[in-house]
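A.B. asks: Given next are the chains, with one letter for each unit.
Number of protein chains: 2
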Amino acid sequence: MLTDKIRNKENGIILYGITPPKINHTEEEIKQIAQKHINRISNLDIDGLVLYDIQDESDRTDEKRPFPFIKTLDPCEYSHNYLQELKTPRIVYRAVGNYTTETFTKWLEFTKEGGQQVHSVFVGAASHEQKNPLTLKEAYKLKREVNNNLCLGGIAIPERHTKKHDEHLRVFSKKDASCEYFITQCVYDVEAAKIFLTDYAKYAKENNYEMVPIIFTLTPCGSNKTLDFMKWLGINIPNYLEEDLKQSGDILHESVKLSKDIFEELYTFGLKRGIPIGCNVESVAIRKDEIEASVELLEEVKAIIKKYS
Amino acid sequence: MLTDKIRNKENGIILYGITPPKINHTEEEIKQIAQKHINRISNLDIDGLVLYDIQDESDRTDEKRPFPFIKTLDPCEYSHNYLQELKTPRIVYRAVGNYTTETFTKWLEFTKEGGQQVHSVFVGAASHEQKNPLTLKEAYKLKREVNNNLCLGGIAIPERHTKKHDEHLRVFSKKDASCEYFITQCVYDVEAAKIFLTDYAKYAKENNYEMVPIIFTLTPCGSNKTLDFMKWLGINIPNYLEEDLKQSGDILHESVKLSKDIFEELYTFGLKRGIPIGCNVESVAIRKDEIEASVELLEEVKAIIKKYS
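Read top to bottom, the protein sequences are chains G and W. The opening position of the first sequence corresponds to residue 1 in this note's numbering, with each subsequent residue numbered one higher. The opening position of the second sequence corresponds to residue 1 in this note's numbering, with each subsequent residue numbered one higher.
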C-alpha cells in the first residue's frame, strides 16, 4: 500500500502522473479517455496514480505561453466519477488558490470517505480566480483540523535551491506542517537535485530529523516545442542536455534515455546517503508515441530499482 | 613540442604545475629544492611545466586566509637560474599587476631568448605593489608589440560562468588579444565546466571561430585545511563532493580519485563535441605524500588520454 510505503519512508516508490481530460470534451469523449486511462494504468505495476490540477501559470512570467491554456476537469472529480474501476491509490493535486475555506473544508470532508486510497499534494499557486484564495499555510492548517489522517505530500523544486539555497528548509517546514513525502517538479538538472539532497540529508542529520521520501518527477519530451514549454514552466535544462536533445534526431527517445540516467544517478546517490528516493513518471502528452515512451521509461525505472534492491 | 601541440589545437596536452620555492630559503636550500624538482619532473612524460606566480590575494575577500602568505621566487628567474638542466618547455605565469610598462617590456625582450621553450600566461591580479600597475589589456598589447611570437595562454574560470554566463566571451576576447590556449583554475565543479564548454563550442560554431585548447587544472587535496584554502581561493566544490572528501577518511586519495573522474568526464565531453581538452596537474603542496599523489594523478590522466586515443 502506498500510504504504508510512504509512512515507512521506503525507497523506490513508483508513481505515474496524468492530467485529467480537458473540459472542452463531450461526456462521451471523457468516458472514452477514462477507459483508455483505466486500461493503461491497470497494466502498470505502480504504487500510485498522480492526478494533476493544471493551472494557467501565465502570470508567473512575461514570456508567451508556447501552448494555449485549456482548463482540465477537476482531478478529484475525474478520479471519483470516471476512474472508479481502477484500484490504484490516488495522489490528487490541489491548487489551493482556487478554493475558499468553505470549499476546501468541504473537499477535505469528502476525502475521509476515500480512506487510504486518497492522497494529496497541495500546490500554493498564483491563480486568483477566487476573491479570498486560500494560502498554502491555511490549507495545511485545515487539513490537520478536518482530516489529519490524509497522507499529504508537498512540492520540492531543486532548481530553486541553486539560487536561494533554502529548499531543504522549505521542505522541513512543510514536513512540520504535516507533509509526509515530496514530489519534485520535472527534473533535468541532476546537479541541482544532488546539491539539494545533500543539504536535505545534512540538515536532517544535524537536527535529528527523519528523512521522508523525495519522489523525483521524470517527463519524456516529445518535441522542441515541448522542450520550450518545459523551460517556460521554469524547468532548468542544462545547455549541454538541451543540445543533446535537439541534435539527437529523436528527441523523445533521447529524453527517455536521459531521464533514465538521471534517475539512476539520483537513486544510487540516495542509497549511498540513506535518503529515500522515489520516482514519478509524468505522462502529460496525448500523442501515442509519447504515452508509449512514458510507459517505457516507467519500466526502465522499475528495472533500476530492482537492480539495486 | 608544446608550442606545436597548442597551435595545432591538439587534444590531451599534459602539463604539471609547481610553485617556485619561498624566498625565505637560503641559496643552498633553493638549490636542493631545484634539484628535487629537476629529478621529479625529468621523469614525467609531460608537454610542459607550469610555474606559478603566487600572490597574496588577501584583498579579494574579507575572510581570513587559512595559510599565511609567504612570497615565492620569481618563477621566470627560478626557471632560468635553477632549472636550466631541465629540458621541459615552460609556461611561466605573470601577475601583470606587479609590473610597469618598462619592467614588463624588459621581461618580454628577455623571453625572446628562450625561443619555443618559453610560454606564458598573464594573470590580471589585484596586487597593488606598483604605483602604476599594468592592466591585462596593456600587457597583451605589449606582448604583441615586443614578442608577438611568445605562445601565450589565458586564465579561464568556469565557476564564473555559472554566475555571469559570459566566460566564453571573455575567453574569445582574450583569444582576439592573442591567447592561444587557456588554463582553468582548479576544477571540482564539473557541471560549471560542462556548461561553460557548451557555450564555448556553441559560440565558436555560430561565429566560425576555431576552438583553442582548454586545459583543466586538477589539484589533489591533502587535508581539510587545504580544502578550506581552496574554497577561500574561490574554487567551487559542490557540497556532496566536499562531504565525500571529508568523510572518506583519506582525503588525499579520495581527491585523486575524484579528480581523475572529473578529467575523464570532461575529456570525453570534449571529444564528443570537438573541443580540445588538456590537463594541468597542480602540485603546490610540499608534503611527500601530496607530491606522490600529484604524480599518481598525472599517470591516471595519461592513461585516460591513451584509452580514448
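Hints are computed from structural coordinates only; laboratory data are not their basis. Any given hint could turn out to be false.
[To be verified] Here are the simulated lysine to aspartate or glutamate pairs, DMTMM-like style, with alpha carbons at most 25 Å apart:
hint, chain 1, residue 1, chain 2, residue 2
1, G, K257, W, E242
2, W, K225, W, E243
3, G, K231, W, D166
4, G, K202, W, E243
5, W, K164, G, E242
6, G, K272, G, E180
7, W, K202, G, E159
8, W, K164, G, E159
9, G, K205, W, E242
10, W, K163, G, D62
11, G, K163, W, E138
12, W, K272, G, D62
13, W, K5, W, E57
14, G, K307, W, D261
15, W, K260, G, D250
16, W, K272, G, E63
17, G, K272, W, D166
18, G, K163, W, E242
19, W, K5, W, E210
20, W, K163, G, E243
21, G, K231, W, E243
22, W, K164, G, D261
23, W, K202, G, E242
A.B. asks: Run every hint past the structure and note whether it holds.
C.D. replies: Here is what the structure says about each hint:
no.	hint	in the structure
1	G/K257 - W/E242	violated (29 Å)
2	W/K225 - W/E243	holds (14 Å)
3	G/K231 - W/D166	holds (21 Å)
4	G/K202 - W/E243	holds (9 Å)
5	W/K164 - G/E242	holds (20 Å)
6	G/K272 - G/E180	holds (22 Å)
7	W/K202 - G/E159	holds (24 Å)
8	W/K164 - G/E159	holds (17 Å)
9	G/K205 - W/E242	holds (16 Å)
10	W/K163 - G/D62	holds (23 Å)
11	G/K163 - W/E138	violated (36 Å)
12	W/K272 - G/D62	violated (36 Å)
13	W/K5 - W/E57	violated (32 Å)
14	G/K307 - W/D261	holds (23 Å)
15	W/K260 - G/D250	violated (32 Å)
16	W/K272 - G/E63	violated (33 Å)
17	G/K272 - W/D166	violated (36 Å)
18	G/K163 - W/E242	holds (19 Å)
19	W/K5 - W/E210	holds (15 Å)
20	W/K163 - G/E243	holds (21 Å)
21	G/K231 - W/E243	violated (31 Å)
22	W/K164 - G/D261	violated (29 Å)
23	W/K202 - G/E242	holds (12 Å)
Checked against the numbered hints listed earlier, the structure breaks hints 1, 11, 12, 13, 15, 16, 17, 21, 22; every other hint is satisfied.
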